[in-house]
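For the record, the sequence lines run as chains A and B.
Take the first sequence: its position 4, counting from 1, is numbered 4 in my numbering, and each next residue is one higher.
Take the second sequence: its position 57, counting from 1, is numbered 57 in my numbering, and each next residue is one higher.
None of these hints come from the bench; they were simulated from the model.
For each residue, glycine too, the CB sits at the ideal point set by N, CA and C.
One or more of the hints may lead you astray.
[Said to hold, decoys possible] Covered by chain B, per the in silico footprint, the following chain A stretches (three or more residues, Cβ under 8 Å):
id: 1; region: 31-38
id: 2; region: 55-66
[Said to hold, decoys possible] Derived pair list, reagent style DSSO-like, types lysine-lysine, alpha-carbon separation capped at 30 Å:
id: 3; chain 1: A; residue 1: K57; chain 2: B; residue 2: K47
id: 4; chain 1: A; residue 1: K26; chain 2: B; residue 2: K47
id: 5; chain 1: A; residue 1: K26; chain 2: A; residue 2: K57
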Amino acid sequence: MVQAAAATSDPGQRLDLEAAVARLPKGAREVFVLHDVEGYGHAEVGEMLGIAAGTSKAQLHRARRLLREMLA
Amino acid sequence: MTHNDAFVMLDAFVDGDLPVPDRDAVARHVAACRECSDERERIVALKAQAAALPRGLTPPVDPWPAIAEGIARRPVPWVRWIGAAAVLAAVVASALLFEATRQGQPDMVPMAAGEGPVPVRYEVYEARYQEAVVELEEALAFGRERLAPETVAIVERSLAIVDAAIAEARAALAADPASAGRWDLLSQRYRDKLMVLQSVSRLVTRS
Numbered sequence: 001m002v003q004a005a006a007a008t009s010d011p012g013q014r015l016d017l018e019a020a021v022a023r024l025p026k027g028a029r030e031v032f033v034l035h036d037v038e039g040y041g042h043a044e045v046g047e048m049l050g051i052a053a054g055t056s057k058a059q060l061h062r063a064r065r066l067l068r069e070m071l072a
Numbered sequence: 001m002t003h004n005d006a007f008v009m010l011d012a013f014v015d016g017d018l019p020v021p022d023r024d025a026v027a028r029h030v031a032a033c034r035e036c037s038d039e040r041e042r043i044v045a046l047k048a049q050a051a052a053l054p055r056g057l058t059p060p061v062d063p064w065p066a067i068a069e070g071i072a073r074r075p076v077p078w079v080r081w082i083g084a085a086a087v088l089a090a091v092v093a094s095a096l097l098f099e100a101t102r103q104g105q106p107d108m109v110p111m112a113a114g115e116g117p118v119p120v121r122y123e124v125y126e127a128r129y130q131e132a133v134v135e136l137e138e139a140l141a142f143g144r145e146r147l148a149p150e151t152v153a154i155v156e157r158s159l160a161i162v163d164a165a166i167a168e169a170r171a172a173l174a175a176d177p178a179s180a181g182r183w184d185l186l187s188q189r190y191r192d193k194l195m196v197l198q199s200v201s202r203l204v205t206r207s
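Only chain B is shown next, with the shape it has when bound in the complex (with noise of 0.2 Å):
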């Protein structure tokens, strides 16, 4: 096995997905050739760092503009409300837990023991969820007039709640930049929102 057909193989090395033959021949290649060992290690780091990333921050495949197609285009089946309403019913019961937490809650988070500084660049991750939640609130917009005026009510009386406190962890944070504790607690507030929308955007396709 020559050093470049290693080296490309060296994805699916790691990933375990070689013919036995081929991840012998790898593995004999890999352990002679310092390359291809340093290779096989940058790989298996930005695995882990992949691994560790939250399930659902990004969404993989950007199904929004389907979805407002399919708004635009389904009938709307006036009997699934009641379906609806349950589904809508668990969201709000979701955000309303949430804000009864958060109530309970310290209004700051503390570090945690002996937690130094971090390069905190929370513009750059807003700037993320804001837009994955421009994207929602475009696909929302779709289908908001086909909502009861009471659902409308409900969603947004529960996207202000999950506002408020997504303002509440960025002021936190503003305070404290290099607190992780802050940013994480950020980062759930957003994914909170993005919960929300996604869960309504659901519902609505699903009409």
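With the rest of the complex left out, here is chain A (with noise of 0.2 Å):
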């Protein structure tokens, strides 16, 4: 399982995000970026990307169990 405590000071561990973060499918990767690690709500993500907000959960889902696979 993936340590919170240790994801700020681990930079291996940063590279592996990184890299699987951009692995993942455009609309995911957006919606994963802009919620997780920008901080925007589902509402403004929903608002810059064009998309409802609705669409941007499922794809957060997405985004986050798809990563989850890489890095397990």
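Build the complex from these two chains, which are given one at a time in their own frames, with help from the hints.
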């Protein structure tokens, strides 16, 4: 399991995550970066990307699932 | 609430996006379900890891095709170059300040006390930055001909300063790939270059 405490200090883990994010499908990547990295809410993400907030939530779910699979 | 219902709601549950009845139902299920409990922990850990990434490191939306298209389509209101010059001056000032700071620092970044070896795969890291840099430089190529020659000269000088700093940071990291401090130094230098390129892109786009 990924340890949150180590996430901030391990460049190797950071690289792994960055590389995994880069491999995400475009829609999932955009939502993941805006929501989980940049800290925007789904309403804001939806507005920026021109998608519904529900779509943003679905893409985030997809992105996180794919990332967990890639990082496992 | 079934296991599957709860499982697909875990992201929204962790994000605090569920309405109260669903939130309470998922919480009860998670408390009783090992699989969902573990999944919740993985989501929380991933969120923490993502939140620790440098903001702006990855362009969330690839804007550069639109920038290039916009540059090719828009007329050139030359009067805006007065404002543009001010923006560019700020960029250059940052680059020069960075250069002055760099010259005042030791060539090598020492490792922090107690810092152990870390897996540094900076080739992957550099490839990602260089990909972004190439995209920006290609986008800028569309608008560069519209810049005044003296403006282009300033931009090129700024980029040369940052490129020299990148080369220096890269050499330092190559000499000690296990140093997290040198890793961060190289990371910051690439971010400097992206900042300069993005600033100039915005400048050109607004023109």
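ask   = Which numbered hints are broken by the structure, listed smallest first?
value = none
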